[in-house]
Structures are given as structure tokens and as C-alpha cells.
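Student: Here the sequence shown stands for residues 1 to 480, numbered as in this note's numbering.
Treat the hints as calculated values from the structure; they're not laboratory data. Among these hints, one or two may not hold up.
Using 27 Å as the maximum straight-line C-alpha spacing, the simulated BS3-like pairs for lysine-lysine come out as follows [what the hints assert, rightly or not]:
1. 407 with 456
2. 451 with 375
3. 398 with 381
4. 148 with 177
5. 407 with 375
6. 234 with 321
7. 318 with 387
8. 385 with 321
9. 46 with 451
10. 385 with 318
11. 237 with 124
12. 398 with 382
13. 46 with 407
14. 451 with 70
15. 456 with 385
16. 381 with 321
17. 70 with 46
18. 321 with 382
19. 124 with 46
20. 398 with 385
21. 63 with 104
22. 177 with 104
23. 318 with 234
24. 124 with 261
25. 148 with 237
26. 451 with 385
27. 104 with 146
28. 261 with 234
29. 456 with 382
30. 146 with 100
31. 318 with 261
32. 456 with 46
33. 451 with 124
34. 381 with 451
35. 146 with 124
36. 321 with 237
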Amino acid sequence: MKHFLLILILVIFTLLGAQNTLWVNGSNEAQFIYRTVDDSLHTYFKDAFGFNLGYRNFSFGMKFIAELPKYSTEQTELMDELDANRLELGWQELYASYEKDACKIYAGITEESFGNGIVFRSYKDLEFDIDNRLESFLFSYNDDFKFKAIYGAIENPNIIGRYDLAYGADLQTPYFKGLSFGASAMAFRNLLATNIYNQRTVFAGRLNYSAHNLDLQAETAFSELYHQPGIGTKNGKAIYVNGSYLIGFITIGGAYKQYDKFQYRLNDLPMANYHNETLSDASASGEDEIGYQGFGTVNFTDNLNFTVDYAEAFNSDKDKKMNDAYFALEYLGNSYSLLASYSQIEKIDDINSAWQQELIPALQSSFYLFNIPVKIQAEYKKISKQKQITESEHYEPKLQTDFALGKLALSVCVQSSWEEISEMLDSRYYPSAEIKYPLFEHSDIILFGGKEAGGKVCRNGVCRYVAPFEGLRIELNTRF
Numbered sequence: 001m002k003h004f005l006l007i008l009i010l011v012i013f014t015l016l017g018a019q020n021t022l023w024v025n026g027s028n029e030a031q032f033i034y035r036t037v038d039d040s041l042h043t044y045f046k047d048a049f050g051f052n053l054g055y056r057n058f059s060f061g062m063k064f065i066a067e068l069p070k071y072s073t074e075q076t077e078l079m080d081e082l083d084a085n086r087l088e089l090g091w092q093e094l095y096a097s098y099e100k101d102a103c104k105i106y107a108g109i110t111e112e113s114f115g116n117g118i119v120f121r122s123y124k125d126l127e128f129d130i131d132n133r134l135e136s137f138l139f140s141y142n143d144d145f146k147f148k149a150i151y152g153a154i155e156n157p158n159i160i161g162r163y164d165l166a167y168g169a170d171l172q173t174p175y176f177k178g179l180s181f182g183a184s185a186m187a188f189r190n191l192l193a194t195n196i197y198n199q200r201t202v203f204a205g206r207l208n209y210s211a212h213n214l215d216l217q218a219e220t221a222f223s224e225l226y227h228q229p230g231i232g233t234k235n236g237k238a239i240y241v242n243g244s245y246l247i248g249f250i251t252i253g254g255a256y257k258q259y260d261k262f263q264y265r266l267n268d269l270p271m272a273n274y275h276n277e278t279l280s281d282a283s284a285s286g287e288d289e290i291g292y293q294g295f296g297t298v299n300f301t302d303n304l305n306f307t308v309d310y311a312e313a314f315n316s317d318k319d320k321k322m323n324d325a326y327f328a329l330e331y332l333g334n335s336y337s338l339l340a341s342y343s344q345i346e347k348i349d350d351i352n353s354a355w356q357q358e359l360i361p362a363l364q365s366s367f368y369l370f371n372i373p374v375k376i377q378a379e380y381k382k383i384s385k386q387k388q389i390t391e392s393e394h395y396e397p398k399l400q401t402d403f404a405l406g407k408l409a410l411s412v413c414v415q416s417s418w419e420e421i422s423e424m425l426d427s428r429y430y431p432s433a434e435i436k437y438p439l440f441e442h443s444d445i446i447l448f449g450g451k452e453a454g455g456k457v458c459r460n461g462v463c464r465y466v467a468p469f470e471g472l473r474i475e476l477n478t479r480f
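Let the sequences and hints guide you as you build the complete structure.
Tutor: Following this line, the structure appears as C-alpha cells:
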């Protein structure tokens, strides 16, 4: 089947090659990793070659992905022996679509969302390397009103080769200028260990208003889960409201969330806080959660602004609580900028007698040094934890400098972790450096060496999520 598909693609490519309206684009991302840890392989190779071609109203695309083997985002997951299930090679992420006027028909790997994603969102989570994308058929209409209908499947997370189903529709229609109403209906069939499917049905309504200085979104949803052996019917609900208002040079806003037994794989609940934090690290979001958020920005001048964002959340019994705060003062000049910020995240779990807190003061500045653009980022993270009678506290300072020398971009970073200031010289350090250079007009080579603790990193103007790593990494990215 795969060979037939390749031949078909080549035939289509050849027949349409003479047409002036044919367009082709794509990219190739190759990565070689040498990991200096106790591992059976040490070396990893990954390549993702993808292309899209279109002719008149038709478009088609696919991606060849090779992971030899698949590199885990878990730092502790080492490969004592090479596992065949970790080798992935083949054509993936295929799609085909036809679009004419306001109508579109699409089939293949799908990234799609209904409303705020409360009811349905098909997406790939880069931070945790979790792929929640459907293989589906999608019909959409986007004109006076917006309509989407989808029917698809996704591989069951527990049983390889078996699939779960998802299907539904979404409608959004304007009422008058600035105001629109929407409604969604979805059904999910998930395979259980008993080899039968349960069923979840979800219905939702929403409101969107945007006019003058006011933006407002509100959505509510209800779900019913049944065909669960020994459990019976399980009802859930979700409410999410978000709004902001501009008053002269001041913007104020807020959000409210309430989720009860409303958590499943193909939805993405807004967390209603600045850092997108969950209520508890020990339980899934959406099971039992209530929260509110307030935020505001004051533009003192065209160059100077102050931002504040605070949120709290708790469960119905109030034995799990969290708060999230962010404050920032920013100056943006023509050749100089400065951002001073402070973040605080605190979580309390009375059930397990646990408490944790992160305090993160940070500075970020961009300027020119002898006509060389330089960006400096510094943060001093303090993490405190308590569980039962055990207490711990440590610091994670970080200093990073990005600068460019002609076409060459260089990023140097050092991060550390210590429990006491007196132990600073004996602490664990994560030094790293990354060099980026454009080999050709549409090709970049990136060389990274050192250690990194993992999480979200921003280097040379690009932000992405990475796994904890120690070693050497070479990347070649080409676009056409």
C-alpha cells in the first residue's frame, strides 16, 4: 500500500508539473544526537521530511518521519537494551483537501478546535510529547456563519493497533456586528480493557462579543459518560468566561472557570492563569476545579508599561488550592529594552499534606554592543516543597546571553541548582552553548553542546520545549 501511494504521488507530481498553477513547499528537519549518559545506544537520529503540493482547489501533503530510536522526554528513561518498539520509520501525517469558495473537505491527520477547546481539540502537546491528533474526515464552511463537522479515530493509548472514535459538529453564527453565538456537539467512543467501548456525549454553547473596547467570551458545556461497567452514568460540566476592557491607557480583564468531572483526552481546558498551571500535579485538570483570574496592563507612555496578573483555584472541598501571580515592568526603546518580572506559583494539597512554591524574579534586556545585537536573560528561581514532615528548598539560577555576529547567531547559557548559598561552588551546573548559521537562503545548521535541565527554552529568537539533555546535538533545517 505504501509503495502504491508513493507511485501515485510521483504520477500526480509528473502530470501536474507542467501546469503553471501548481505550487509545492515543504521542509526537512534532520537531527543527530549524541547523549552522554548510561545508555545502550548513546546515538540517536531523527528526520522529518514533509511537503505540500496544490493544484487549483486541491492540496495534498505528507511527512516521512524516522526516529532511530525515538528519544524520550523523560530524563530517567534510559535504554538498557535497544527496543524494537522504539524504532519508527515511515510516511505519516498524510492529508488531502479540496477547497472551493467557503467550503472545504479535508481528510488526514487533523489539528482542529471547537471554540476554546473545552469540548474538542485535536492537537500535539510538544511539552510532554503527547500526540492527541485525530485521523479524520473534516468538512468546514466559513462565510456568513461558520460550520464544522468531523468524524475520526485516534489510536488507543493502552492498546496498540486499536482505535477510539470521535465525531461531532460545531456551529457559530453572528447575531449582530461584534456578537456571535456558537454551539457544539461531540461524541467519543473509548475502548476499555474489557474490549468494549464506552461513550461520552458532550453539548456546549458559547458567546463571543468584540466591539469598541470590550472583548468577552463565555462557554458552558455538559457531558454524559455511560457504558462504564460497574460505574454507571457519569455527568460532567464546564464553565469558562474570559473578558477584557480598555479604558484609555489601562486594560483590565478577568476569567472564571468551573470544571466538574469534565476531563478527557480530546479536549484542552483553559487554566485561567498566567503560567497555564494545573490545580494539582497529582490529579488531572477538569475533575474538580474552580478558579478565577484578574489581570491588567497600564501603559504609562508609548515605551513604558506595567502588567499584573493574579489567579486562584481550588476544588469543591477546598483541600486543594493554588495561586499564580505575575508582575512585570517593561521598557521598549528603539535600540534598548528592559523587562523586570516576578512570578509566583503556589500549590497546597491538604489531602496528602503537601505544599510547594516557586518564586522567580527575572530580568531581560536587549541592546547593541559595538553594533552587535545582544540579549541577556537572568532569573533566580527558588523552589520550596513540603510533604508530611519532610521539607526541602533549593535554588535554580540561570543566566543566558544571545548575540549575533553577522549571519552567525550564538546563545550561551549556564543554569545551576543548589540548596544553600554556601554550596554554590559545589552545586550541579548546566552549561550549554548553541550556534546557528544559515548555510543557504533556506537552510540553517544548529549545533548544541552541553547540558540543559529541560522545559521551555528560548534561543536566538526561537522558543520550544526540550527534554532534559546532556551531550551533543546537530540539526539541519531546510525549507523549500
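Student: Each hint needs a verdict: does it hold in this structure or not?
Tutor: Cross-check of the supplied hints:
1. 407 with 456: 25 Å, holds
2. 451 with 375: Between residue 451 and residue 375 the Cα gap is close to 21 Å, so the pair holds against 27 Å.
3. 398 with 381: 8 Å, holds
4. 148 with 177: 22 Å, holds
5. 407 with 375: Roughly 16 Å between the alpha carbons, so the hint for residue 407 and residue 375 holds.
6. 234 with 321: 25 Å, holds
7. 318 with 387: Satisfied, since the Cα-Cα distance of roughly 18 Å is no more than 27 Å.
8. 385 with 321: 15 Å, holds
9. 46 with 451: 20 Å, holds
10. 385 with 318: 20 Å, holds
11. 237 with 124: Between residue 237 and residue 124 the Cα gap is close to 24 Å, so the pair holds against 27 Å.
12. 398 with 382: Measuring from Cα to Cα gives roughly 11 Å; hence the hint holds.
13. 46 with 407: Satisfied, since the Cα-Cα distance of roughly 26 Å is no more than 27 Å.
14. 451 with 70: 20 Å, holds
15. 456 with 385: Given that 27 Å is the threshold and the Cα spacing comes to 22 Å, the pair holds.
16. 381 with 321: Holds, at roughly 21 Å.
17. 70 with 46: Distance ~8 Å between residue 70 and residue 46 Cα, so the pair holds.
18. 321 with 382: The hint holds at about 20 Å.
19. 124 with 46: 18 Å, holds
20. 398 with 385: 20 Å, holds
21. 63 with 104: 21 Å, holds
22. 177 with 104: 25 Å, holds
23. 318 with 234: Roughly 22 Å separates the two Cα atoms, so the pair holds.
24. 124 with 261: 23 Å, holds
25. 148 with 237: 23 Å, holds
26. 451 with 385: Within the cut-off at roughly 25 Å; holds.
27. 104 with 146: Within the cut-off at roughly 12 Å; holds.
28. 261 with 234: The given pair, whose Cα atoms are some 8 Å apart, holds under the 27 Å limit.
29. 456 with 382: This hinted pair holds, its Cα atoms lying about 17 Å apart.
30. 146 with 100: Holds. Residue 146 to residue 100 sits at ~15 Å (cutoff 27 Å).
31. 318 with 261: Distance ~16 Å between residue 318 and residue 261 Cα, so the pair holds.
32. 456 with 46: 20 Å, holds
33. 451 with 124: The hint holds at about 26 Å.
34. 381 with 451: Measuring from Cα to Cα gives roughly 18 Å; hence the hint holds.
35. 146 with 124: Distance ~24 Å between residue 146 and residue 124 Cα, so the pair holds.
36. 321 with 237: 20 Å, holds
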